[in-house]
Amino acid sequence: MAAVTLKNVVKRFGVFEVVHGADIDINDGEFVVFVGPSGCGKSTLLRMIAGLEDISGGEIAIGGKLVNDVEPADRGIAMVFQSYALYPHMTVEQNLSFGLRMTGNAKADTDRRVKRAAEILRITELMKRRPRQLSGGQRQRVAIGRAIVREPQVFLFDEPLSNLDAELRVQMRVEISRLHKELGVTMIYVTHDQTEAMTLADRIVVLNGGDIEQIGAPLDLYDDPANRFVAGFVGSPKMNFLAAKVVGADGGAAIVELANHGGARLRKPLADVPPAAGTDVVLGVRPEHFFDAGQGDCDIAVKADVAEHLGSVSYVYANAGANAGANIGANTGQEELIIEREASRHRANGDHLVVSIKAGRSLLFDTTGARIR
Amino acid sequence: MSSHPPARRSHSRARLGRSIALHLFLTPLALIWLFPLWMMAVFSTMPDNGIFSPGIEMLPHGNFLANFNNLQRDTNFVGAIGISVSVAVTYTFLSVLLTSMAGWALARYQFFGKGMVVAIILGTITLPYAVVLIPQFIMVARDFKLANTWVALIVPPLFNSLGVLFMRQSFSMMPGDLFDAARVEGVKEWRIFLFVALPLARPMLAALAIILFLASWNNYLWPLLINSRPGSMTAPVALGTLIGLTKVSWGGIMAGAVLLTAPMLVVFVLLQRHFVAGIAAGAIK
Amino acid sequence: MRHQNATAYRFLAPYLLIFAIFWVWPIIDSFMISFQATRTVPWRFAPGFNWGRLIGDPAFFNALKNTLLILVIQVPVMISLAIVMAVLLNSPLLKARGLFRFAFFAPVVVGEVAYSAVFRLMFNLNFGIINKLLNSVGLPSVDWFSNVTPAMAVIMIAVTWRWAGYNAIILLAGLQSIPEDVYEAATLDRVSKLKQFFYITLPLLKPIILFCAVLSIIGTMQLFTEPFLITERGGPGGGTETLGLLLYRQGFRSLNFGYASAIAYTMAGLAIAISLVQIWLTREPK
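Chains as they are written, first to last, in the working numbering: chain A, 1 to 373; chain B, 1 to 285; chain C, 1 to 286.
One or more hints might be untrue.
As the list claims (entries may be wrong) - Here are the simulated EDC-like cross-link-like pairs (lysine to aspartate or glutamate), alpha carbons at most 16 Å apart as the crow flies: (1) A:K65 <-> A:E93; (2) A:K358 <-> A:D297; (3) A:K303 <-> A:D351; (4) A:K358 <-> A:D299; (5) B:K188 <-> A:D299; (6) C:K206 <-> C:D189; (7) A:K128 <-> A:D109; (8) B:K188 <-> A:D74; (9) C:K132 <-> B:E57.
Hints listed in this document are in silico derivations from the structure and should not be mistaken for laboratory results.
The task is simple: from the sequences and hints, build the whole structure.
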């Protein structure tokens with residue numbers, strides 16, 4: 001059993017509080033990713049779980065046992081560092097066995113564990129090399145191998161892929177996923193890259209400025225973000241946020257007028273009581289949720305500024321004023337929109353296009369960033 | 001050659017001119033700088049009556065061994081060299097150990113009083129050594145009654161804080177993840193220091209050791225004061241007592257000077273990189 | 001990082017113990033001794049005894065004058081020479097770089113006693129190689145050690161020879177930390193090599209030059225071995241007596257610890273003043 005429980009965990013550096021009371025329950029065998037922009041406290045949280053940072057307040061339990069005052073080595077964890085932290089003066093084999101040798105583990109057992117880790121990660125032929133003779137991907141494997149050798153109950157990863165090039169990153173991502181299935185142990189993974197979070201996690205913890213914004217399964221965060229921050233952080237390219245104003249109500253739906261699109265209006269059904277008329281709101285629309293003219297509930301005209309063609313899809317950046325047709329709100333050039341178009345290769349500078357927003361494919365936020373459901 | 005544009009040719013001609021000027025200036029300067037060392041070697045091989053003769057002698061003779069015997073007659077130089085070597089080796093080992101441990105603590109731990117320790121070290125580093133000379137002497141000679149012992153030569157100079165700052169700098173430039181990785185694996189702090197930090201600091205330790213050894217080997221004032229009894233003198237002090245005596249073999253003194261200098265020159269040539277690193281590091285504070 | 005008081009102090013303790021006993025305490029003790037009359041047993045507290053004597057002691061002012069004279073002449077000459085050495089050693093045009101480096105850096109490893117002996121012999125009146133070389137080009141011999149001015153010159157020459165290379169090493173390291181592309185950009189802008197030296201190298205090197213200057217000033221201020229051995233205890237007639245030598249004479253020949261401590265603290269005061277000037281000169285422009 002190695003569930004990890006954080007109860008109201010606080011971290012202060014002097015008077016400066018960087019984590020403000022984090023509550024997280026991680027189940028045994030779960031893959032949890034802490035994600036957030038740099039400085040959000042995700043690495044600090046991980047290092048507190050590892051025991052490399054003091055806990056200023058609250059409790060951390062691993063496998064049901066309170067570990068606040070337990071040495072890192074006795075917490076049943078292993079950690080993979082961003083910089084790999086391989087000892088440059090030791091061979092791969094010595095790197096893998098160093099911790100066990102230093103803590104008096106029986107030699108036969110050490111050899112067995114090292115051999116097993118090397119086989120799992122397919123680095124057996126590299127055992128006599130030193131870190132500087134290895135490629136980035138190989139170093140990463142050795143770093144993970146060093147964690148496996150400890151046969152921990154919980155694996156901690158601190159941005160392990162951020163030093164790799166794009167192709168290798170995808171490859172190692174799959175590898176880590178495979179490893180999780182093979183070993184079946186709890187893994188906690190810190191990254192600033194939402195793609196990594198989405199692809200690896202059973203559940204994602206989104207952090208911002210030392211606060212937990214939301215905890216949930218990847219697609220839940222995508223479909224049903226708790227607030228504007230999560231909505232903006234999850235998904236790539238980012239969600240568009242359109243300034244808007246509630247102009248009326250219509251039987252459980254709010255009538256929303258887009259501020260920068262020539263008075264275009266959208267009827268947005270809500271579960272809660274709609275905000276009063278005159279309330280400023282923000283409408284969130286993902287780039288992939290713009291539809292062809294007439295297909296949605298509200299059409300807007302935009303002028304393409306730049307178009308990026310990736311082959312399967314194109315991204316149109318629209319921030320110039322557009323010509324308004326009849327009944328169509330036109331972009332006034334105050335707001336840049338990113339619009340995903342499938343297989344549309346002819347869109348380029350200065351083109352005008354009309355896209356449509358669906359009420360069911362958009363999210364409403366108040367001006368503080370909270371969801372209006 | 002005619003295909004080269006003319007600008008290019010005048011450029012390389014200017015380079016050649018500059019190169020010649022550079023060597024014409026630097027060569028005589030280098031010869032002047034080598035001259036005292038060369039003369040030291042020459043004097044050490046000349047008989048005394050050769051040194052004190054009117055002719056200009058600038059090439060070595062074959063009298064080194066006779067000069068050395070004169071030196072050994074004037075003072076027990078072999079014994080003094082033995083003391084100097086033992087003291088320098090012990091001092092270097094102890095000082096490297098103490099200062100790297102202290103540098104490690106200052107670089108890698110957060111602890112109560114850290115700022116104050118650093119402030120005291122930095123704040124007093126430019127004070128002249130002369131300030132502590134009198135109290136040190138009174139303490140070691142009168143209070144501890146350690147005059148004319150090895151302890152007196154080795155222990156007081158261990159206060160030198162340059163090594164602490166140098167090692168602190170070296171350790172804090174290493175990636176912290178390396179030590180955290182070992183910590184997570186349950187490796188004890190002193191083993192992390194010994195088996196991870198020190199091996200990584202090998203080039204810095206070498207530089208520090210060389211500088212400390214040289215300082216101890218050449219140290220003159222403190223050994224002169226504290227170990228003045230014949231038989232407990234270091235080699236520089238023993239040699240110093242001869243300078244200024246009226247009936248003394250100058251060939252012998254020069255042989256002693258060569259014996260003090262030559263090993264250091266060999267070390268310098270072999271380990272120049274570390275030497276230069278050690279001295280240059282004094283500027284990185 | 002975790003707070004680890006016990007671990008940290010276990011690593012620090014051995015050094016701190018030595019540091020406290022042989023450095024921090026003596027600094028305080030020396031200050032206190034300077035206020036005591038130490039020629040009586042037991043010592044007695046007499047605040048004006050040593051400091052009062054210092055102010056009226058012509059020997060002290062002679063030593064102070066000599067020390068400052070050496071400082072004012074020798075340090076600038078040596079630092080300029082060290083800058084020239086460093087810049088030229090750093091030139092990409094230089095051949096046999098290793099030999100030149102050896103020539104200038106070798107004195108760094110030579111002990112004070114060894115080189116004092118050689119200089120004493122080289123500048124000997126009748127048989128010294130320097131006078132012989134002067135004679136060989138038709139110049140008269142100089143009685144180096146019987147007159148104050150040439151004796152001072154010998155001291156300054158010796159110190160410069162011994163320490164110029166040391167400073168050049170530090171300056172060279174500073175030069176090599178200046179990025180090459182700064183010079184490439186200047187060359188493309190048709191800035192001459194000489195102008196590059198004055199407008200790029202010197203300004204960028206300024207903090208290191210100051211550091212070398214302070215190091216040299218504090219070193220020269222304590223000058224002891226050279227006047228002790230080369231000019232025979234500060235001769236002729238106290239003409240090359242320095243503060244270091246006076247301290248030695250008072251402290252360890254006359255065993256007048258109180259007075260010697262007052263002299264030592266005069267040196268410390270000068271050192272502190274010079275360090276403050278350095279800090280002021282290297283302050284970040286507002």
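For each hint, the structure was consulted:
no.	hint	result
1	A:K65 <-> A:E93	33 Å, violated
2	A:K358 <-> A:D297	5 Å, holds
3	A:K303 <-> A:D351	6 Å, holds
4	A:K358 <-> A:D299	9 Å, holds
5	B:K188 <-> A:D299	66 Å, violated
6	C:K206 <-> C:D189	23 Å, violated
7	A:K128 <-> A:D109	19 Å, violated
8	B:K188 <-> A:D74	12 Å, holds
9	C:K132 <-> B:E57	10 Å, holds
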